[in-house]
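First to last, the protein sequences are chains V and X. Per our numbering, the first sequence runs over residues 1 to 591. Per our numbering, the second sequence runs over residues 592 to 1057.
By construction, these hints were calculated from the structure, which means they are not laboratory data. Among these hints, one or two may not hold up.
Taking CB as the label site, the calculated pair distances span [to be verified]:
# : chain 1 : residue 1 : chain 2 : residue 2 : range
1 : X       : Glu829    : V       : Ala70     : 30 to 38 Å
2 : X       : Arg976    : V       : Glu224    : 49 to 57 Å
3 : V       : Lys281    : X       : Thr673    : 53 to 61 Å
4 : X       : Ala822    : V       : Gly216    : 43 to 51 Å
5 : V       : Glu304    : X       : Asn926    : 48 to 56 Å
DSS-like, lysine-lysine: derived pairs with alpha carbons at most 27 Å apart [claimed, not checked]:
#  : chain 1 : residue 1 : chain 2 : residue 2
6  : V       : Lys417    : V       : Lys405
7  : V       : Lys417    : X       : Lys851
8  : V       : Lys405    : X       : Lys866
9  : X       : Lys866    : X       : Lys851
10 : V       : Lys417    : V       : Lys359
11 : V       : Lys281    : V       : Lys292
12 : V       : Lys417    : X       : Lys764
13 : V       : Lys418    : V       : Lys405
14 : X       : Lys764    : X       : Lys851
Footprint (simulated), chain X over chain V, 3 or more residues, beta carbon under 8 Å [stated by the list, open to error]:
#  : segment
15 : 169-180
16 : 196-206
17 : 553-560
Since we're looking at a predicted model, the values are computed, not measured. Ideal placement from N, C-alpha and C gives every residue a C-beta, glycine not left out.
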Amino acid sequence: MKYSMFGPLLVALAWPLGACGSDAFPFNADNPGRGPGELLDNTQPLNSDYTGGTSGDPEAAASDPAALAAIPVCDATCRDYCDGLSLNNPVDASMCRALWGVGLDTRPIDFHEACRRLHVDLLGEFPTRGQSNRACADGDWDTAVSGMLQDERFVRVHRRRWADLLRYNNTAVSIERIYDADQLVARLYLGYASYDEFAAVVSAHPVLTRRYDTAGDRVEALFELFLGRPPYNNERADMARLYAQWENGYFDHPALGMRLPDATLRFPCVTDDGRVDPSTKGQCTSVLWGYKEVILTPDYRALEGEMWSGLLTADEWHLLQEPGRIIASQLGFWEHAVDRALEYYLGYDLVTDIPAVRKALVEYVLAHNGDMRALHYAIATSQIYLQSSAGETETEHRYTHGPLKQATVETWIDSLKKTTGYDLGRCDHRMPEPRDIAESSPAGIALVRASEWDLTDNGIRRDYRDLARTLGGCPDNNVGGRFTTVSILTTATQESFVASVCNPALQQNRGAGVDALIPGDLDPSRAIDADAAEAIVEHQVRTFFGRRAREAERQEARDNATACTPAPCSVEAFARPVCYALLSSSEMLFY
Amino acid sequence: MTVRKHRRTTKIGRRALIRGAAAGSLIAAAAPHIWIPRGIAQTAARDTVKHILYIRLSGGFRFPVAFNAGVGDQFNPFGRATGLPSGTDWGVGQLLMRAPYLEGDQGQALRDMGMRPVHELANRITVVPCVDHEPDAPGADGNHGTGLERYYTGYADGGVGFFTMINYGLREKVAQAAAEERLLLPAFVLGGAGMGRGVGPYAAHRPPVLSGSGFDAFGLQDDGFPTWAEAMVRHVDERYRDRQHPAVRSPVQVYMETRKATEAYSEIFNSETLKVANGSNEAVDGISNAELETLIGDSRAGRDIRLALRLFHFGSPAVYLDQGGYDMHSNEEDNLPGQFDDLNRLISGLFVALDRMQHPSGGTYWDNTLVAFGSEFSRTARGSRFNSARGSDHNSDRSTRWMSMPFFGGAIGRPGARIGETRSGDLEAMGRVFSYRSVMKTMLDALGADHTEFFPADPPFNELFV
C-alpha cells in the first residue's frame, strides 16, 4: 500500500490556524473530500488487461436429459470432456462439471438482449439500439465488457452501490468524509486500489466508525460489510478492542459554518502522562487473529483527551486500519466479494449449488492482484451470464438459462429521462439531505451547486428524489435504505410518471417533446397511416428497448393505425400512447 | 402528471386486488375468515382507535424545551409557558406559546375557525416524559442510525418496522373487509422508509412509502386514453412474459397482475379527495381541502398531515410522517424558536380539524384518532444551556435519553396529565419509564392489531387510557 505522508501532516499543521480562517483551511466545493481515502494514492492500475474472457458457447456432452433433473455427478468422462473444452472463463470453467460436462446446456446469446443486460449492469442505463451496436462491437463480448469497464458510468454505478452499503447520510457523517469515501470507491473501480487495501481503509474510515455507536457495533458492521455475516461473540469482543479509540464527535467546519458529525479519538489505553499503560493496554489489543495492538498516544493535537480524526497522520491511520487487514486476510472476505458480485449479475444464488465457481473466482481475483474490475470482467463475459433468458430448456436448472432482473429505480428513471428528454431533476448519493448544507453558508450553497442536485432560484429541485424514493431509490440512508419491490403503489406511481412523460391523452403543454417519439422524417401533425405507425413503433422499440421491432409488434402497429380514433389520428396522437405502452411495460422494468 | 386509469373495476377488480396484493405487498391477502380475538396482553383502549397519526420530529428533538419544560436551564434553556389552562400537569415549554400564525387579519380568521396557541391546548395533551429506547441500558443511544432504527423497529437493526407491524397486525381485519367487498387502504409511510421494513413473513405487509407530492400528481384519463392503446399496453407485457423462460416469468407476471390490481385502487388514488393541494371547497367528512390547507398550512409536514387525514377517510389505519429538522448542532438558540412556528401551527390546526371532521363510522375524527410525536432521541448540551456552537448534540446521557412524547385524541383517558416524572436538576427518572417498544405495542393494541408476535417483553401500558 502506498501512502502519502504529506497530506495529513499539512492538514494537521494547518488546522490550528485554519480554525481561525478559511484561508488556512481551504475548502473546494468541487472536491471537498478529506480523509484516509486520500492516502491511498497508487498511480498505476493493478492490471492493464484480464485473462479469461468469453467461452464461445460450448457444446454440451451427449446425455439423457431425463436423467438431468438432479445435477449428475461428473465422472471421469465428464472431467475429460471439460478439460478438453479448454474454457478460459473461470466461471464457465468451474461450471462445466455441473453443466456441459454432464450434458446440460446453456441458452444461446441473443446479441441485443445480452448487450442490454451488460449496459444496465455495467453502465446503469438501458441502451438504445444504436448504443448497443456501438458498445457491443458485433458480439465481441471481451472487447465490449473491457470497454464498459473503462467507462465512468461503470464507476458511478458502483459508487452508488457502495453509498447504499456504507449508508451515506450527511446528517450522520461529515460530508467531507462521505466525499472521501466516494472517491475511494471510485479508485477501487478504476482499478487503482485492490479490494483488501480498500477494506483496510474503510475499516477505519469515519463513514463507518461515525455511523455506529459502540466499538462492538463497528465490528458487526465491518463483518457484515466484508464477510456477509455477523461476528461470533468472541470475534466481536476481541476486535472491538481495536476500535476502542473511536468516539463520535463533532467538527465545527470553518468554511461551511456547520457543526459536522465526525469521528474523534480518545486514548483509553494510556496513562495520565500519555504513555502506553501496561495495565490497560489489553483493552486495545486483539489476540484472536495474532497479537495486534492498536494504541494511539495523545500529543498537542488532543484537546481534553479527545482528538479530531482529521488530524491523524498516515502512520496513525495505518495503525487504526488493523481490523480491515484482519478481515481481508480471511478467505471468507474474498468469497463474500465473489458472492456479492455473482448475485449482482445473476440475480440468484449460484454458489450454494456450485461452490466451485466461488473458489475459481477467488483464485482469479487474487491472480489479478485483488482487482475488482477483474472479477466483474470474468462474470460479465461468462456464458452463464450472457446467455438468453428467453425460450425453454429441457431441465429447470437455474443456470441453464439467462437471468432476468428488475432494474434499479435510478436506471429506470434515468433511461426514461435520457430517451425522451423529459425534464426532471437529479439526486446525489453522496448528499441525501442537502437542505441544511444549502442553508448553511455560501460555501454550502457552492457545495450543493457543485453536486448532482439541481439548485434553482426556487431551491433544491426535488421531483426526481420524490419519485425515486416512492419507488425505493435515491435512499436517504437514515435507516433502511434502498428497496426494490413491485407493489400497487409503486406500479401506480410508475404508470403515473410514464403518463406524464408520454402524455398519451395529448394534454396541452404536457409530456416530453414529440420529436423524441417519432422518426425524424415524420411530421407530427400529419395523419397516421400503416407505414407511419410501423415506423413509429420501430423507432420507439429501438430507442426504448434497444432492439428491432418484431413482426407481431409491427403488425399490431399497422392494425392500430386504422383503429386509432378519431380518424385520421395525427402522428403525434398515435406516437404518445405507443410511448406509454412501451415505457410502462415490463420490458422497461426487467432485463 | 397523470395516471392512466383503466376501466373502473368493481367486484372483479377487488378480487384482483387481493391477488395482486399477495404478490405485490401493498396489503396482505388472506383467506376470508372470522376475526377471533386472542388472549393477549391488552389495554383498556384495545380496538378503540381507528387511526394513528405518528409524527417524527426529525433529527433528534430537544424534548424538554417543549414537552418536559419543568427542568433546569441546561435542559430547557427557553423557559416555561405561562397562562396554562387548568388541568395541565406536564411541563409546557415557552416555545409552545409561539403563534405568529394567529397574528393579523389572517390570524384572526384562524382564531375564528377555532385555532389557538398550543399552550392553551395543553390540558388536552398527555405527555409521557420518560420514553427510552432501552430502559435497562446504562446509557442512551444517541447515534443517528441506530437511534432511528430503534425508533422505527424497536431495536438496533430490527427487521420489522412499526408500520409493517400495524399492517401485519390488522391483516385479518383487512381480509375480512375484503371479503365484504370493502376496500381498506393500509398504513402509509410518508417519511423514512425504515418504518416500513419487513422481512420473512412480514415482507408482504410492508406499507407503501410515499415521498413528496402525494397523490396530487395522479390524474384521471378516462376521456383521453385510446382503447386501441389499452390493448397494446397489455400485449407488450404479454409478449415479453411469453418470450421468457418459464422459470423467470414470475416477476413479469407479478408486475402484470399488479397493474391489474392497480385498477381497483385507481378510483381512490385518483380521487379528488386525496389531491389535498387542489384547493377544493367540497366538504368531505365535514371539511374541505381548502379549509384543511387554511388550518394546517402548506408546509411539507402540513401537506402530509392533510393527506393523512384523507387517507384515514379511505380506511388507512395509520400514517407516519417526518416533521422539521431538529438536528441543530449549531445556532439552535437562534433557529429553534422559528421551527416551532410550523410545529405549533400543525398541532393547533390539527386540533381544530380533528374536532370538526365527522368520521364515516360516527363521531368525530378526534374521537377515533390517536396522535403521537416522537423522535430518534432527545438532545444534550452536556450540562450547559447550549454547546460551543450555540446548539445541542446527542450522546449517551439522560438529556439525550428521555423522549418526552405528547399524545392526544379521543382515546386518551387523562388529558393534561403527565405519566412519569424527571428530577429537575439532573433528569433522573422519578416515575415510570417506558420503552419505545411498549409505546408501539400500546398503539398497536389501541388499533386492535394482533401484536402477539412483537416485543413479548414490553407490554402495552394502560396509563394513557384510564
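Now the hints, each set against the structure:
1. For Glu829/X paired with Ala70/V, a C-beta distance near 33 Å keeps the hint of 30 to 38 Å intact.
2. For the hinted restraint 49 to 57 Å between Arg976/X and Glu224/V, the CB-CB distance of approximately 40 Å leaves it violated.
3. Distance hint for Lys281/V and Thr673/X: a CB-CB separation of about 57 Å, consistent with the stated range 53 to 61 Å.
4. At roughly 59 Å, the beta carbons of Ala822/X and Gly216/V sit outside the given window of 43 to 51 Å.
5. Roughly 27 Å separates the CB atoms of Glu304/V and Asn926/X, a value that falls outside the hinted 48 to 56 Å.
6. Restraint check: the Cα-Cα separation between Lys417/V and Lys405/V comes to about 21 Å, which is no more than 27 Å; the hinted pair holds.
7. Pair hint Lys417/V plus Lys851/X holds up; C-alpha atoms about 26 Å apart against a cutoff of 27 Å.
8. With a CA separation close to 34 Å, the supplied pair Lys405/V and Lys866/X exceeds the 27 Å bound.
9. Taken as a hint, the Lys866/X and Lys851/X pair is honoured in the structure, with Cα atoms around 23 Å apart against an allowance of 27 Å.
10. Taking the CA atoms of Lys417/V and Lys359/V, the gap is about 41 Å. The hint is violated against a cut of 27 Å.
11. Distance restraint check for Lys281/V and Lys292/V: the Cα-Cα separation of roughly 11 Å lies within the 27 Å cut-off, and the hinted pair is therefore satisfied.
12. About 42 Å separates the Cα atoms of Lys417/V and Lys764/X, which puts this hinted pair outside 27 Å; it is violated.
13. The straight-line distance between the Cα atoms of Lys418/V and Lys405/V is roughly 21 Å, inside the 27 Å bound, and the hint therefore holds.
14. Using a Cα cut-off of 27 Å, the hinted pair Lys764/X and Lys851/X holds, with the two alpha carbons roughly 23 Å apart.
15. For the segment 169-180 of chain V, the proposed coverage by chain X is satisfied: 3 residues have a C-beta within less than 8 Å of a C-beta in that chain, meeting the threshold of three.
16. Only residues whose C-beta sits within less than 8 Å of a C-beta in chain X count toward coverage, and the segment 196-206 of chain V has 0 of them, not enough to reach three; the restraint is violated.
17. Counting residues of the segment 553-560 of chain V whose C-beta lies closer than 8 Å to any C-beta of chain X gives 3; at least three are required, and the coverage claim holds.
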